[in-house]
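Residue numbers (our numbering), protein chains in the order written: chain R, 1 to 210; chain B, 1 to 210; chain H, 1 to 198.
Check before you lean on any hint, since a few could be wrong.
Taking lysine to any residue pairs in the SDA-like style, the calculated list, with each CA pair at most 25 angstroms apart, reads [stated by the list, open to error]:
#	chain 1	residue 1	chain 2	residue 2
1	B	Lys-166	R	Tyr-95
2	B	Lys-43	H	Gln-11
3	R	Lys-43	H	Leu-95
4	B	Lys-7	B	Gly-87
5	H	Lys-123	H	Glu-144
6	H	Lys-68	R	Lys-177
7	R	Lys-149	R	Asp-134
8	H	Lys-123	B	Glu-46
9	R	Lys-47	H	Glu-130
10	R	Lys-166	H	Ile-193
11	B	Lys-42	H	Ala-166
12	R	Lys-149	B	Leu-112
13	H	Lys-52	R	Glu-9
14	R	Lys-7	H	Gly-46
15	H	Lys-52	R	Tyr-95
16	R	Lys-121	B	Lys-68
17	B	Lys-43	H	Leu-126
18	B	Lys-121	R	Lys-43
19	B	Lys-149	R	Gly-175
20	R	Lys-42	H	His-58
21	R	Lys-149	B	Thr-111
22	R	Lys-43	H	Asp-67
23	B	Lys-149	B	Ala-99
24	R	Lys-47	R	Asp-30
25	B	Lys-68	H	Leu-95
26	R	Lys-149	R	Leu-132
27	R	Lys-81	R	Asn-188
28	H	Lys-52	R	Gly-164
29	B	Lys-43	H	Lys-52
30	B	Lys-177	R	Trp-194
31	R	Lys-177	R	Ser-198
32	B	Lys-68	B	Leu-124
33	B	Lys-166	R	Ile-158
34	B	Lys-166	R	Asn-50
These aren't lab readings, by the way, just hints derived from the structure by calculation.
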Amino acid sequence: NGQPPGKPEIIRCRSPEKETFTCWWKPSSDGGLPTNYTLFYKKEREKSYNECPDYKSGGPNSCYFDQKHTSIWTIYNVTVKATNDLGSNTSAPYYVDVAYIVEPDPPVNLTLEWVDQAYAKYLLLNWASPPLADVRSGWLTLEYELRIKPEEGQEWEIIFVGLGTKYQLFSLNSGVKYVVQVRCRTDNGEWSQWSSESYIQLPKEFRLKD
Amino acid sequence: NGQPPGKPEIIRCRSPEKETFTCWWKPSSDGGLPTNYTLFYKKEREKSYNECPDYKSGGPNSCYFDQKHTSIWTIYNVTVKATNDLGSNTSAPYYVDVAYIVEPDPPVNLTLEWVDQAYAKYLLLNWASPPLADVRSGWLTLEYELRIKPEEGQEWEIIFVGLGTKYQLFSLNSGVKYVVQVRCRTDNGEWSQWSSESYIQLPKEFRLKD
Amino acid sequence: PICPNGSDSCQVSLGDLFDRAVKLSHYIHSLSAEMFNEFDERYAQGRGFIAKAINSCHTSTLTTPEDKEQAQQIHHEDLLNVVLSVLRSWNDPLLHLVSEVQRIKEAPDTILWKAMEIEEQNKRLLEGMEKIVGRVHPGDIGNEVYSTWSGLPSLQLADEDSRLFAFYNLLHCLRRDSHKIDNYLKLLKCRLIHDSNC
Numbered sequence: 001n002g003q004p005p006g007k008p009e010i011i012r013c014r015s016p017e018k019e020t021f022t023c024w025w026k027p028s029s030d031g032g033l034p035t036n037y038t039l040f041y042k043k044e045r046e047k048s049y050n051e052c053p054d055y056k057s058g059g060p061n062s063c064y065f066d067q068k069h070t071s072i073w074t075i076y077n078v079t080v081k082a083t084n085d086l087g088s089n090t091s092a093p094y095y096v097d098v099a100y101i102v103e104p105d106p107p108v109n110l111t112l113e114w115v116d117q118a119y120a121k122y123l124l125l126n127w128a129s130p131p132l133a134d135v136r137s138g139w140l141t142l143e144y145e146l147r148i149k150p151e152e153g154q155e156w157e158i159i160f161v162g163l164g165t166k167y168q169l170f171s172l173n174s175g176v177k178y179v180v181q182v183r184c185r186t187d188n189g190e191w192s193q194w195s196s197e198s199y200i201q202l203p204k205e206f207r208l209k210d
Numbered sequence: 001n002g003q004p005p006g007k008p009e010i011i012r013c014r015s016p017e018k019e020t021f022t023c024w025w026k027p028s029s030d031g032g033l034p035t036n037y038t039l040f041y042k043k044e045r046e047k048s049y050n051e052c053p054d055y056k057s058g059g060p061n062s063c064y065f066d067q068k069h070t071s072i073w074t075i076y077n078v079t080v081k082a083t084n085d086l087g088s089n090t091s092a093p094y095y096v097d098v099a100y101i102v103e104p105d106p107p108v109n110l111t112l113e114w115v116d117q118a119y120a121k122y123l124l125l126n127w128a129s130p131p132l133a134d135v136r137s138g139w140l141t142l143e144y145e146l147r148i149k150p151e152e153g154q155e156w157e158i159i160f161v162g163l164g165t166k167y168q169l170f171s172l173n174s175g176v177k178y179v180v181q182v183r184c185r186t187d188n189g190e191w192s193q194w195s196s197e198s199y200i201q202l203p204k205e206f207r208l209k210d
Numbered sequence: 001p002i003c004p005n006g007s008d009s010c011q012v013s014l015g016d017l018f019d020r021a022v023k024l025s026h027y028i029h030s031l032s033a034e035m036f037n038e039f040d041e042r043y044a045q046g047r048g049f050i051a052k053a054i055n056s057c058h059t060s061t062l063t064t065p066e067d068k069e070q071a072q073q074i075h076h077e078d079l080l081n082v083v084l085s086v087l088r089s090w091n092d093p094l095l096h097l098v099s100e101v102q103r104i105k106e107a108p109d110t111i112l113w114k115a116m117e118i119e120e121q122n123k124r125l126l127e128g129m130e131k132i133v134g135r136v137h138p139g140d141i142g143n144e145v146y147s148t149w150s151g152l153p154s155l156q157l158a159d160e161d162s163r164l165f166a167f168y169n170l171l172h173c174l175r176r177d178s179h180k181i182d183n184y185l186k187l188l189k190c191r192l193i194h195d196s197n198c
């Protein structure tokens with residue numbers, strides 16, 4: 001007994017650095033029988049479908065396209081086919097242009113330093129772009145956003161920083177322990193996840209000019 | 001009798017939004033005779049001068065360059081010539097790079113709000129970018145600076161804010177009436193005028209967390 | 001003060017020219033992306049336009065780098081010419097887009113304003129690119145290669161679905177090509193001004 005498989009679905013495609021990308025699918029019912037999945041893709045201007053080059057690197061139910069298989073500004077038509085002994089079922093086509101699915105990894109090495117000089121006291125934040133992202137050649141241009149709150153506080157304050165990888169925060173409350181995170185995005189794409197948290201305990205007594 | 005005119009001088013050029021610009025000149029002695037002024041300009045590598053396209057829109061002793069006559073890709077060499085019946089006198093050349101003479105209008109809608117929460121008490125400042133620049137955010141990236149002082153005080157404290165249009169100010173003195181203003185500039189342009197003043201009377205008794 | 005020693009050496013530096021070109025290309029792309037998204041949400045939901053939009057940009061005849069490796073291997077002179085060709089290919093369609101958008105039923109002002117702003121800024125960027133090419137290779141204002149556009153009749157079709165697809169396709173291609181231009185210019189700037197060390 002058993003049934004042909006249900007219709008699977010491509011649920012998401014993502015590129016971390018506009019050089020490679022991964023697509024994931026969601027299986028449907030397997031009809032009670034062993035079911036295997038085959039992903040096919042066709043690029044603009046190509047007549048026939050090709051099969052997924054790498055089912056492993058992206059984890060279960062995924063297909064990973066390395067640099068050799070990735071073109072930008074080209075529409076990929078991606079489908080996945082579920083097959084078991086009683087038949088097969090193919091997903092609706094999922095159209096994707098790698099230029100518009102870039103979600104970078106979070107920034108790294110976020111450091112916080114309290115600067116106490118005569119003319120100004122401020123918190124100096126420094127971070128680095130995610131290692132995978134080729135910012136150096138200009139292939140990827142990242143803009144950043146940071147958020148900060150007192151460790152005990154509920155509400156994050158979000159500050160859009162723009163292109164730089166350091167920031168000076170002037171107006172903070174003395175004696176408070178703050179937690180900070182930073183994230184990035186490229187060309188109106190998706191924001192990365194927030195970086196891991198960094199903490200700093202501000203010195204108790206500093207009075208701005210009375 | 002009478003004299004040839006004195007040497008006039010181009011005193012200032014300003015662009016409000018990197019799309020148009022205006023130059024002003026200062027007449028010198030008119031030699032006691034009716035004197036008229038002609039403004040000439042030429043762009044990089046151009047051999048011959050062109051005459052001012054519009055003497056009216058910018059007010060007296062001015063020349064207005066509309067969008068059609070404004071280019072951000074070239075340096076302008078601008079001179080003004082004073083002429084009367086006994087001769088003429090031409091100013092020294094004044095060089096203009098439109099990207100460096102952008103002086104936006106001041107920010108608007110500056111509001112002040114005293115926030116009194118368990119973990120923090122601070123003055124919350126909010127403002128908006130000048131209308132002309134607002135529609136073209138991204139082409140006109142504005143950064144902001146605010147200044148604050150007790151109403152009776154002499155010395156302003158100036159705080160560079162960066163790209164954001166709101167700010168939290170912590171270390172203020174209870175019971176004092178403060179006056180605040182904010183201004184803006186594009187990345188390599190001139191600071192705008194200060195916005196109109198906003199006032200706030202801080203509550204008498206509040207203790208920062210000890 | 002600019003031009004301290006008079007007018008002969010007085011010109012905008014190549015670095016400043018590239019800064020302004022990149023700022024403008026970034027701005028044009030973000031406007032194009034916003035305009036496409038706005039049109040897509042308002043007029044294209046559930047019509048399956050994306051499937052028909054495949055391989056139908058008037059600029060697809062131009063050979064352009066399609067990944068990082070190709071973009072980094074191409075000589076900067078050729079990449080500058082690619083940018084010029086793509087920009088020139090959009091002068092005509094952008095002109096018509098502005099007039100035709102006004103005929104779309106209940107076209108929001110925001111789409112119309114963006115179409116006008118992009119048309120204006122595209123001309124400005126083309127002026128800048130010709131200046132940059134002339135500076136990088138004196139005497140050369142770049143090849144005159146560009147793709148002609150013959151899409152005006154389709155923007156004026158009586159059948160609404162076909163006409164809306166024509167707009168969708170044009171805005172989709174504009175988003176794509178403005179992204180290419182922005183990306184290529186950022187590469188060129190890093191290569192020529194910052195020795196590939198941005």
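Which hints from the list above does the structure break, by number from lowest to highest?
1, 3, 6, 7, 9, 11, 16, 18, 23, 24, 26, 27, 28, 29, 30, 32 and 34
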